[in-house]
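J.: Sequence:
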Amino acid sequence: MPDLLITRPEVLAQRFAARVPAPWQPVIAPLTRIVLTEPGPLPDGVQAVMFTSQNGVGSWRAAGLPVQLPAFCVGTRTSEAARAAGFEVSDASGDLAALVRLIAASLRADDGAILHVRGRHVAGDPERSLAKLGYGYIAYPLYDAVAQAFSTEVKAGLERNRFGGICFFSPRAARLFADEALKQGWSLREVSAFCLSVKVARPLDNLGFSQCHVSLTPDEAGFVGMLQRNGIS
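By this note's numbering, the letter at position 178 of the sequence shown is numbered 178, and the numbering carries on one by one without gaps.
The set of hints was computed from the structure by calculation and includes no laboratory data.
One should not assume that every hint holds.
To be verified - Listed next, the in silico DSS-like pairs over lysine-lysine satisfying Cα-Cα at most 30 Å (straight line):
hint, residue 1, residue 2
1, LYS199, LYS155
2, LYS183, LYS155
3, LYS183, LYS199
4, LYS132, LYS199
I would like the entire structure built from these sequences, with the hints used as guidance.
T.: Now the structure itself:
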């Protein structure tokens, strides 16, 4: 049975591991860990909250912040988490560009700013995209994804070609892996990379993976389908 390395943060990795299809055997090895930060005062003049990850929803919930504002979410899993927290949710079912389009189709720019609940590191530039459409944007960081080294066991597995595949869900995780792979000199010619999007895959371009697969849709359902299509018997 091929081992599949899952590099996303622990809680999300555990949930995803339960969905990994046979014959893959999931091995959880986060490249980042989520550290909550102290929430600042909620700004005035906000008409909606924007969530671009499940981590953002979890951080909002952990801070005990109110759920009266409508929430606009990037995808299904983030939307499910926001509904469970008590928000009225609009689901973009896609990527950041789809989320911006949904906001533009649903809200008037002069009714207030969009509050983006996010981590210290963020992929994409929602502020610029929303500003082009006339929307105010307020970043509201509630957590940090702190870099975390692989365990000795995982590093040894990478040196011995133990893993048939490695899963990447963010550009930052891919960059962290690429830096370590180049430093350690790991041979990846018998390993497949599985990526949530083209943007996630880019930092892996020169690492020599046997194949680099990109999910047809930037969500867990698409990722699981990609693993099903590319299982190793």
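J.: Work down the list of hints and note, for each, if the structure agrees.
T.: We went through each hint and held it up to the structure:
Distance restraint check for LYS199 and LYS155: the Cα-Cα separation of roughly 25 Å lies within the 30 Å cut-off, and the hinted pair is therefore satisfied. This hinted pair checks out: LYS183 and LYS155 have alpha carbons roughly 12 Å apart, not beyond 30 Å. Restraint check for LYS183 and LYS199: satisfied, since their Cα atoms lie roughly 22 Å apart, inside the 30 Å limit. Straight-line distance between C-alpha atoms of LYS132 and LYS199 comes to about 22 Å, which keeps the hinted pair within the 30 Å bound.
Every hint, counting from the list given before, is met by this structure.
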